[in-house]
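So the chains spell out like this:
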Amino acid sequence: MWIPACAGMTRESIMKIHDESFQLHTERRCEMTDITKEVEIVVCQSEIEAGEVTVYCPHTTAAITINENADPDVLYDMTMTLNELIPQNRRGYRHAEQNSDSHVKSSLFGCSERIMVKNSKMVLGTWQGIFFCEFDGPRSRKVLVQVRGI
Amino acid sequence: MWIPACAGMTRESIMKIHDESFQLHTERRCEMTDITKEVEIVVCQSEIEAGEVTVYCPHTTAAITINENADPDVLYDMTMTLNELIPQNRRGYRHAEQNSDSHVKSSLFGCSERIMVKNSKMVLGTWQGIFFCEFDGPRSRKVLVQVRGI
Amino acid sequence: MWIPACAGMTRESIMKIHDESFQLHTERRCEMTDITKEVEIVVCQSEIEAGEVTVYCPHTTAAITINENADPDVLYDMTMTLNELIPQNRRGYRHAEQNSDSHVKSSLFGCSERIMVKNSKMVLGTWQGIFFCEFDGPRSRKVLVQVRGI
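Residue numbers (numbering that gives the first Met the number 0), protein chains in the order written: chain A, 0 to 149; chain B, 0 to 149; chain C, 0 to 149.
Next comes chain A alone, as it looks inside the complex (with noise of 0.2 Å):
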C-alpha cells in the first residue's frame, strides 16, 4: 500500500505569520460560496513561501469547508442533503432563535480549514475548492485568514 510518491524536503528559516480578513455578503438561508481566490490572493501577498494557511469563520452558524469547485450541482447536493438530515423545523428545539439546525450543522463541517503552502502557493487537489458555508444567512460575514511558515 505505501508507495513513496516523493523525496521528503526539509526546509529551515525564521518564521513569518501574515494575517489577513474579508468580508461577504451571503444571499440565501444555506448556501456555499467559492472564496478560493480570495484566499489565494492573501497567501500570494504574505510572500510566505511554506507553510500553512488557515480559513477561519468567527461565526457559530456558518462554517468553512474544502470540496469540489467544477459541478456546481455537487453543492446543491451538499446543501440539500444536510437540510434533510437536520431540517430547521426539528420538533424540540429550545433555542429561540429558529436556528438550531445552522449551529449543529457549523460544528459538522468545522468552522475553519487549513491548506499547506508550497512554492508560495496553496497545495488544493486538482477538484478542491475553499467554501464558505452559510447556514443562517443571508448575512454579512467576515473570513480571517492566516499564512504561518517560512
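Careful, some of the hints might be misleading.
Heads up, the list lumps identical chains together, so a pair's fine if it works in one copy or across two of them.
Unchecked claim - Here are the simulated BS3-like pairs of lysine-lysine, each with C-alpha atoms no more than 25 Å apart in a straight line:
1. 141 - 120
2. 141 - 36
3. 120 - 36
FYI, nobody ran anything at the bench for these hints, they're computed from the structure.
Because the structure is a prediction, the values reported are computed rather than measured.
For this one, chain A is given, so just place chains B and C on it according to the hints.
Just chains B and C now, kept in the frame of chain A:
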C-alpha cells in the same frame, strides 16, 4: 463580494512552542463543556504573541468543537440533534461496548480545533466558545493544548 | 473541573518544515484504512522534535479522520452508520456521477487532520489511529504529510 477588512501584516521571529494539558470530569453520557477559559489561561502563560493554539482531545469517543457559548439551549439542541441522528441503540452495531454512536460523533465533530492568536489573545468570534464534547460519559478526560508562534 | 496535568513548557528555535507524500490503493466503495505507521515514518524522517504534523487528502470524495484502531468492528459500525445516514441513492441528487453522498461524507469528516509532535513522536491517545476514509472507491489515492516545528 471581496471587501478587504484590514491591511495584511507580516511578522517574523524565532518560533516558539508551548505545551500544556488539563483534565476534566464529565457528568453525563453526552454533554458539551465550555473550556474556553482553560485554553485562554494556557495562551496567556505561553507568552506567544502571534500564531495558533491547538486544542486536542486524545480520546475516540469525545470531540472538540467551537460553537455558541451564550445560550445554553443551543448546546441542548445540538446534543439532542446528534442523538436523534445517531442513536446509541442502532440495529446492526458489531462493536460490543455500546458506544459505536460515540465513535461516529467523535469523527463528525473532530477531535481537535485550532484558534488563531493575535496580540497574545485567542481570536474568537463574538459568540464563539471552545467546547469539550463528551459522547460516552461520565468519564475522566484529558485535553492537550499547544501554542505555536512567535 | 480544571486539573493541570503537567507544567507548561516553552521552547524556541528556527522553524523547520518537512514535506512528504504517499499513495494508497483502496479496495471497496467505502472503507477506512489505518495510515498511522506511514505518518509516523514521515515524522521520524523529518527530525523535527516539537510541533505539528498535517495529514491531508487532496480528494473531494475521501477524508482523513482520527478514531479507534483497536477493534475493527468500530470501523465497520462507523462506515455502516454513515451509509445509512447518507445513502448513495438518495432521491433528488443532481450531480451525475452517483457520488454526491461521497462529497457530503468528505466534508463531514474533513479532508485533513493534525497531530501534535513532542520528543520527535506523534502524540496520539491510547486508542487513536489515523485513517484514510475512502467514500468513492476503489481508487488510487494520495496523502500529503507536512511536519512543521522546531
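A quick look at each hint next to the structure:
Both within a single protomer and between protomers do residue 141 and residue 120 lie at most 25 Å apart by alpha-carbon distance, with minima of 23 Å and 19 Å respectively. Proximity of residue 141 to residue 36 under the C-alpha cut-off of 25 Å is found in both arrangements, the shortest distances being 15 Å within a copy and 24 Å between copies. Within a single copy, residue 120 and residue 36 get their C-alpha atoms as close as 12 Å, which meets the 25 Å cut-off; across copies the closest is 28 Å, which misses it.
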